[in-house]
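Enquirer: Just so you know, the sequences run in chain order W and X.
The working numbering applies: residue 16 is where the first sequence begins, and numbers increase by one.
The working numbering applies: residue 17 is where the second sequence begins, and numbers increase by one.
Everything labelled a hint here was simulated from the structure, so no lab data went into it.
Since we're looking at a predicted model, the values are computed, not measured.
Please note that a few of the clues may not be correct.
[Claimed, not checked] Derived DSBU-like pairs (lysine-lysine); straight-line CA-CA distance at most 30 Å:
hint, chain 1, residue 1, chain 2, residue 2
1, W, K20, W, K72
2, W, K20, W, K57
3, W, K72, W, K30
4, X, K27, W, K57
5, W, K72, W, K86
6, W, K57, X, K73
7, W, K86, X, K73
8, W, K57, W, K73
9, W, K20, X, K73
10, X, K30, X, K73
11, W, K83, W, K73
12, W, K30, W, K57
13, W, K73, W, K86
14, W, K72, W, K57
15, W, K20, W, K30
16, X, K30, W, K57
17, X, K27, X, K73
18, X, K27, X, K87
19, W, K73, W, K20
20, W, K57, X, K87
21, W, K83, X, K73
[Said to hold, decoys possible] Residues from chain W shown here face chain X by an in silico Cβ test under 8 Å; the list is partial:
hint, residue
22, G56
23, K57
24, P59
25, A60
26, L61
27, A64
28, F104
29, N115
30, L116
31, F118
32, G119
33, T120
34, G121
Even glycine gets a Cβ: it sits at the ideal position worked out from N, Cα and C.
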Amino acid sequence: QQQVKQSPQSLIVQKGGISIINCAYENTAFDYFPWYQQFPGKGPALLIAIRPDVSEKKEGRFTISFNKSAKQFSLHIMDSQPGDSATYFCAASGETGANNLFFGTGTRLTVIP
Amino acid sequence: DTGVSQDPRHKITKRGQNVTFRCDPISEHNRLYWYRQTLGQGPEFLTYFQNEAQLEKSRLLSDRFSAERPKGSFSTLEIQRTEQGDSAMYLCASSLAGTALFGYTFGSGTRLTVV
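If we strip away everything but chain W, and leave its shape as in the complex, we get (with noise of 0.2 Å):
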């Protein structure tokens, strides 16, 4: 059972352009949402993550919305650079990350100059 969902799988964005990728979850208990960047024969790497006291959390390009009633959270990257093209996953967990990460299935983003 997949306990975090992300879409879309795979997303094509000109230089410039915002990317958007959007993940739900059905956990309550989940009080702790990173987003991770992974290049190809890499790691995983923290990019930004947020709890659900607050509804938005911006570093740089990078911003996450987050939306508790609905149970969904969203990552937006602004003026998108082909630098940035990699696959980034969203990822739960409870007790503010202090166990397991519960990761969705991650989302291919190829920026085009």
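On the provided structure of chain W, position chain X as indicated by the hints.
Expert: Quick look at chain X alone, frame taken from chain W:
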């Protein structure tokens, strides 16, 4: 500190053989996690340690899998009697308890191919 190191990076083994992977976490991190990632999927939790104690194991961790973290430093993951379904990327991550908001640091993984 060079981050989380995993060795080997790649391993090809014949079905039925035993394999062992090593993970060296960031030195001050007391939590260490093992995940498995198959092609086109997100990482799946296998097990985690706090110091030398193994605190949680996923049902994915069958009896053929065993993990250790002697002295709370490096960790090993052993798979006995490998099967083709064990082919995957095995990822190790570490964190400092109480600072999980900063996320795990993952290693680059060990890619296992069982032929």
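Enquirer: Look at each hint and say if it fits the structure.
Expert: Now for the hints, and whether the structure bears them out:
The straight-line distance between the Cα atoms of K20 (chain W) and K72 (chain W) is roughly 20 Å, inside the 30 Å bound, and the hint therefore holds. In summary, the hint linking K20 (chain W) to K57 (chain W) is supported, as the alpha carbons are separated by about 23 Å, within the 30 Å threshold. Our distance criterion of 30 Å between C-alpha atoms is met by K72 (chain W) and K30 (chain W), whose separation comes to about 23 Å. Our distance criterion of 30 Å between C-alpha atoms is met by K27 (chain X) and K57 (chain W), whose separation comes to about 16 Å.
Among the hinted pairs, K72 (chain W) with K86 (chain W) is consistent with the structure: their alpha-carbon atoms are about 16 Å apart, no more than 30 Å. A distance of roughly 24 Å separates the Cα atoms of K57 (chain W) and K73 (chain X); the hinted pair therefore holds under the 30 Å criterion. Using a Cα cut-off of 30 Å, the hinted pair K86 (chain W) and K73 (chain X) holds, with the two alpha carbons roughly 27 Å apart. With a C-alpha separation of about 25 Å, the suggested pair K57 (chain W) and K73 (chain W) falls inside the 30 Å cut-off, and the hint holds.
For the given pair, K20 (chain W) sits about 23 Å from K73 (chain X) by alpha-carbon distance, which is consistent with the 30 Å threshold. For the hint pairing K30 (chain X) with K73 (chain X), the CA-to-CA distance comes to about 26 Å; that is within 30 Å, so the pair holds. Proposed proximity of K83 (chain W) and K73 (chain W) is supported: the alpha carbons are some 17 Å apart, at most 30 Å. Between the alpha carbons of K30 (chain W) and K57 (chain W) the distance comes to roughly 24 Å, so the proposed pair stays at or under 30 Å and holds.
As the CA atoms of K73 (chain W) and K86 (chain W) are separated by approximately 19 Å, the hinted pair is consistent with the 30 Å bound. The hinted pair formed by K72 (chain W) and K57 (chain W) meets the criterion: a straight-line CA distance of about 26 Å does not exceed 30 Å. With a C-alpha separation of about 27 Å, the suggested pairing of K20 (chain W) with K30 (chain W) holds against the 30 Å cut-off. A C-alpha spacing of about 25 Å is found between K30 (chain X) and K57 (chain W), which places the hinted pair at or below 30 Å, so the restraint holds.
Taking the CA atoms of K27 (chain X) and K73 (chain X), the gap is near 24 Å; set against the 30 Å cutoff, the hint holds. Taking the CA atoms of K27 (chain X) and K87 (chain X), the gap is near 26 Å; set against the 30 Å cutoff, the hint holds. Taking the CA atoms of K73 (chain W) and K20 (chain W), the gap is about 22 Å. The hint holds against a cut of 30 Å. For the proposed pair K57 (chain W) and K87 (chain X), the alpha carbon gap of about 27 Å is at most 30 Å, so the pair holds.
Pair hint K83 (chain W) plus K73 (chain X) holds up; C-alpha atoms about 29 Å apart against a cutoff of 30 Å. Given the 8 Å rule on beta carbons, the hint for G56 (chain W) holds: about 7 Å separates it from the nearest Cβ of chain X. Because the smallest distance between the Cβ of K57 (chain W) and any Cβ of chain X comes to about 5 Å, under 8 Å, the interface hint for this residue holds. Of the supplied interface hints, the one on P59 (chain W) holds, with its beta-carbon coming within about 5 Å of a beta-carbon of chain X, less than 8 Å.
Hint status for A60 (chain W) relative to chain X: holds, with the closest Cβ pair at about 7 Å, below 8 Å. Because the smallest distance between the Cβ of L61 (chain W) and any Cβ of chain X comes to about 3 Å, under 8 Å, the interface hint for this residue holds. At a threshold of 8 Å, the smallest CB-CB gap from A64 (chain W) to chain X is about 6 Å, leaving the interface hint in force. Contact between F104 (chain W) and chain X, as hinted, is supported at the beta carbon level, the nearest pair being about 5 Å apart and thus within 8 Å.
Evaluation of the N115 (chain W) hint against chain X yields a held restraint, the C-beta minimum of about 4 Å falling below 8 Å. Taking 8 Å as the C-beta contact cut-off toward chain X, the hint placing L116 (chain W) at the interface holds, the least distance being around 7 Å. The restraint placing F118 (chain W) at the interface with chain X holds, with a minimum CB-CB distance near 3 Å, inside the 8 Å limit. For G119 (chain W), the interface hint holds, the least distance from its beta-carbon to any beta-carbon of chain X being 5 Å, beneath 8 Å.
The closest approach between the C-beta of T120 (chain W) and any C-beta of chain X is roughly 5 Å, which is under the 8 Å cut-off, so the hint is satisfied. A least Cβ separation of about 5 Å between G121 (chain W) and chain X falls short of the 8 Å threshold, and the interface hint therefore holds.
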